[in-house]
Amino acid sequence: MERPLPALAVFTLLVLLAGGLEVVRPFGRSLAGLTGGLLTLDTLIRTGLLTIVLVGLNLLMGYAGQVSLGQAAFYGMGAFWSAILTVRGPVLGLSPSLVQAWWWPWLVMLLGAALVGTFAYGVGWVILRLRGHYLAMATLGLGITVYILLRENLGLPHLNLTGGFDGVFGIPRLRLGPYPVWPAERYYFLVWLVALLVIALGLRVVDSRVGRALRAIHGAEGAAESVGIPAAAYKAQIFGLSAALAALGGSLYAHFQAAVVPATFGFVPSLELVVMASVGGLRSIWGAPVGALTVLVLGDFVRTWMRGLLPTMAGEVEGILFGFLLILVLLFWPSGIAGRRRAAEVVL
Amino acid sequence: MEVRTTWAHPVIRRQKRAGLGLWTGLVVLLIALILLGREHGFGPADFAQFAVDGLQAGAIYALVGLGFVVVYRVTGVINFAQGGFVMLGPMLTVTFLGQRTTAEALQLLLSILRAVLLTGLVGLLTYGIALRLRRTALPLTRIMITVGVYLILQGAALLIWGPRPQVLPAFTTLSMQDRLLVVGEVVVRAQTLWIWACAVTLLGLLAAFFEFTLLGKAMRACAINRTAARLVGIPADAMAALAFMLAALLGACAGIAVGPVTRPTFDMGLEIGLKGFVAAVMGGLVDIRGSVVGGLILGVVETLWAGVTRAGFRDVIAFLVLILLLLFRPLVPLSEEA
Amino acid sequence: MPYRIGFISSATGPGASLGIPERDVARMVRERLVVQRGIIGPDRVRHPVDILIFDDQSSADVAASLARRLIHEERVTILVAGTLSGPSLAMVPIATEGRTPMISMASARSIIEDPATKRMRPWIFKPVPENLHSAQAQADYLRAVGVRRVCHLYENTAYGRDTFDSAQVIFGRANIAIAYSDSFERTATEFPQVARVRASGCPAVVIGSIPPAAALIHVAVRERLPRVRIVHGHGACSPDLIRTAGPAAEGAVMPCGKVLLAAELPPEDPTRAFNLRFVSDYQRFTGGAPISTFAGHAYDALHWSLVALRTLPDGLSLERQREAVREALERKIAPIVGTHGVFRLSPEDHLGFDYRDFLWVTVKGGKFTILPKDQWK
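Residue numbers (this note's numbering), protein chains in the order written: chain A, 51 to 398; chain B, -2 to 335; chain C, 5 to 381.
It is worth saying that the hints were derived from the structure and are not from the lab.
Hints may be right or wrong, so weigh each one.
What the hints assert, rightly or not - Ranges between beta-carbon positions, derived for each pair:
1) C:Pro46 <-> A:Leu247: 49 to 59 Å
2) A:Phe374 <-> B:Lys214: 51 to 61 Å
3) C:Ile182 <-> A:Arg79: 26 to 36 Å
4) C:Arg36 <-> B:Leu190: 32 to 42 Å
5) B:Arg97 <-> C:Thr373: 21 to 31 Å
6) A:Phe169 <-> C:Pro274: 25 to 35 Å
7) C:Ala178 <-> A:Leu247: 26 to 36 Å
8) A:Arg259 <-> B:Glu36: 48 to 58 Å
9) B:Arg97 <-> C:Glu331: 50 to 60 Å
10) A:Leu251 <-> C:Arg36: 39 to 49 Å
Unchecked claim - Chain B is faced by these chain A residues, among others (derived, beta-carbon under 8 Å):
11) Leu55
12) Leu157
13) Ile177
14) Leu180
15) Leu192
16) Leu204
17) Gly205
18) Gly220
19) Gly373
20) Phe374
Said to hold, decoys possible - Heads up, incomplete: computed chain C residues facing chain A, CB under 10 Å, no partners named:
21) Asp65
22) Ala94
23) Thr161
24) Glu331
25) Glu334
From the three backbone atoms N, C-alpha and C, an ideal C-beta is built for every residue, glycine too.
Turn these sequences into a full structure, and let the hints guide you.
Below, the structure written as structure tokens:
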């Protein structure tokens, strides 16, 4: 995008407006009341969390052209990292006063993002040698392996770190000094502050030397290398960055939901992330919030409004609708809703 | 079915060495598991039992993997809907059988035939609707489209059959209780023999089809070079559609063969599909023999692993093997024309 | 002034076979309330009651979103929600912060009890017996028949793991040794664990699983060990077990909720009339669907809700309504007859179930039948 700043400013204003409406409650109505039940605060917070993850995925898939079918695993790693270190800290030998300090969850969150990012960077060096389908399958395998480890309590049932199938609950809310970043109306602003920063970061990367190098790699890796672009290094960096962002989103999610279960981070959720990114538009950073919002609102719509039309079948129909949506978007809007449409360009 | 070239070529030599390393690794893993098993007090009879059970699972993976290979070779698409075909086979059979748990042999046979053919039709439809429309799309788009098809199949199955597991009668006794053959201390279910027979028969038929029939050779031509095939008058689209139908037939048969053992459910396709995919990758997605052997090995290793270690980690081994495979076989030729 | 009850079950996804009967019960009760034109409070004022029914698709995220929506946007007085433990636990903080009473239909203890403080969560209740109760019934049986060593196989889910944890605690206290234990995958077709069961020589195998996995492993055990006793938990007591295990199920024993054998209950049983009427209403509404314990839990949860609502005087604000329901559940409605027994709710016990309210049943002639104590051998 040539002039990202105006778009960013407008978007920030929209975000502030939505949050403001929820706090002020004109006419005594919440955001959901004002929009006829279409947009709830819950949906907007989840959109923000997913935006953080999807910006990374967009950079990876849209710009660098690398496929990830296991991104939910990084999301889950961040979520469980925060959950374990804030809830099960004493089991690991951490002193209770440390674990209960207000700054501890923030430190854990940043540390988690850094660790997951580094891990992905290292793994990226190895598996990003693969191309196309094979890379997709390797990320798939990685994602499922992480999911199984989370589900199996990391193979250490006596420590009960990840809580098996039930996961970890009782995750504390984030606090700034003595002030909790809660209730949800306040948390919304925190989530979107981070999301906007991440969007700005994404826009910056796209416009930088790294971004141009990535596009070159996507277009023709061999040619890019021949002009001196260290493709392997850049690919690994982007993979690491996308994983770090996903983990950051995961941590914020953990403190929002207060309970995390492994089922949220398996293969199908990874697919859903790719669908959201595709629907929003892989070649545009704005595709992240657009895609997330579209899919979430559609899901909400089917769950709540269509109950009236199809009282017996709403949930089952949603499964089929999701598949149809994916196919329709891939067939007719391959550039996504926010993506730029160029004649012969198909980005997946 | 591989294009033969001289082994002296450096790329091929590296590939051969990598392949050798991979098989060595698997053998080492097998030995390690056996040693671990001995520690737990397993005797030769137990290992024989593991082998039998593993070969049963492996035969199913091999069949499902064949479906992936057929589609991939002819169209270059990884067909994630394959798991959906595996699920449709037994579910439709149960419906055609009237949900009875005992039946006459003829009734069962007819129900199976109808189910298999109907699933084949669904395979054709998959190709027709989803994949013909976007000719210029890159392979990954088409993969994602097959994912969408899988989601639709699973959702439709839930709508039609509900979440409860169905019951398919065993083929030998035509009822729920299967006959058991006891060989020494090893117990073999009669259905296992059916599964092996089915796998061998289908494999033989497929090989004969590709080798001896005009249609089969036409499909192979498409797989080797789609443009050249069209130049000599082979309708590549029709071949692709046929490939999908074949994959659906294979998948349905696999699902039906294992149906009496596993109580078919609307969501059984996901996991079997992924395991079958791993088997196919062991053949580089293009080699039928490799994928069959790979499926069998996967089944045995998986069963042995689950028996010897915590059962919860059973699925991990399949995906770890997948990752290792992908790392060691990056140079298998991909069908670029899709 | 109408009351609103928010109902969330897992009608799709892995929990669907539990959530669909629950949803059917909610629909049945909703229809009944329409016919009866609501309930009558203590001051003779009539209140229509509406039940808003949703599907959380077995997803914790969807459940949390729906719970928030029901509490804050739809302004329900009571939340009857949670087929599975995962989604239930995700809804617990939302109901607590929203100061709305929530009655869950899932079994995990941690839903109603904070594991850190071991105290009851003030706003959360459930009418669902736990694996601890099941294990106590199993221990009674095993001791009565003289079995002191068992093998324990459990499915690799939270439920299965919980059956094992409960067994360890209860069997330990009862001096029953668990010689060998292992988990198995719900989707497995082969069970190498059976080999090790045989190697350990246990006279009884305790299985912690629900159908169809429970049926599959039962068949595997029975095939290789024709004479071993097979003991299930209360989660396996369902027609699906017999349907998917077939003739191999003969002779299995397990504790069972009273609702499943309503017709066989002795006349002096306090739940007999309640259960008979529920079963006949349910089968008439669903066109003959087999009765299940999950349907029973949903019915109990809604029954508690209605009984609590009946104690509310007219004219309360929504916040006061919710508090009043909570107090009623804790202090006013016990002892209350339910499908699984007589529940004695109190501030210290938001479940109120006694394990002796379980029936001990066996599979005979392809059906469940009560096995009286004098026939335990």
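Verification of the supplied hints:
1. C:Pro46 <-> A:Leu247: 49 to 59 Å: Roughly 56 Å apart at Cβ, these two residues keep to the hinted range, so it holds.
2. A:Phe374 <-> B:Lys214: 51 to 61 Å: violated, 37 Å
3. C:Ile182 <-> A:Arg79: 26 to 36 Å: violated, 58 Å
4. C:Arg36 <-> B:Leu190: 32 to 42 Å: violated, 54 Å
5. B:Arg97 <-> C:Thr373: 21 to 31 Å: holds, 25 Å
6. A:Phe169 <-> C:Pro274: 25 to 35 Å: violated, 59 Å
7. C:Ala178 <-> A:Leu247: 26 to 36 Å: violated, 58 Å
8. A:Arg259 <-> B:Glu36: 48 to 58 Å: Holds, since Arg259 (chain A) and Glu36 (chain B) (Cβ atoms, about 56 Å apart) stay within the stated range.
9. B:Arg97 <-> C:Glu331: 50 to 60 Å: Since the Cβ atoms of Arg97 (chain B) and Glu331 (chain C) sit about 54 Å apart, the hinted range of 50 to 60 Å holds.
10. A:Leu251 <-> C:Arg36: 39 to 49 Å: violated, 57 Å
11. Leu55: Because about 33 Å separates Leu55 (chain A) from the closest Cβ in chain B, which is outside the 8 Å limit, the hint is violated.
12. Leu157: violated, 31 Å
13. Ile177: holds, 7 Å
14. Leu180: Since the shortest Cβ distance to chain B is 6 Å, the answer is holds.
15. Leu192: Check passed: Cβ of Leu192 (chain A) comes within 7 Å of chain B, closer than 8 Å.
16. Leu204: violated, 11 Å
17. Gly205: For Gly205 (chain A), the interface hint holds, since the closest Cβ of chain B sits about 7 Å away, which is under 8 Å.
18. Gly220: violated, 24 Å
19. Gly373: holds, 3 Å
20. Phe374: With Cβ-Cβ at 6 Å, under 8 Å, it holds.
21. Asp65: holds, 6 Å
22. Ala94: Where the cut-off is 10 Å and the nearest Cβ of chain A is about 5 Å from Ala94 (chain C), the hint holds.
23. Thr161: OK, holds: Thr161 (chain C) within 10 Å of chain A, min 5 Å.
24. Glu331: violated, 24 Å
25. Glu334: For Glu334 (chain C), the interface hint is violated, since the closest Cβ of chain A sits about 22 Å away, which is over 10 Å.
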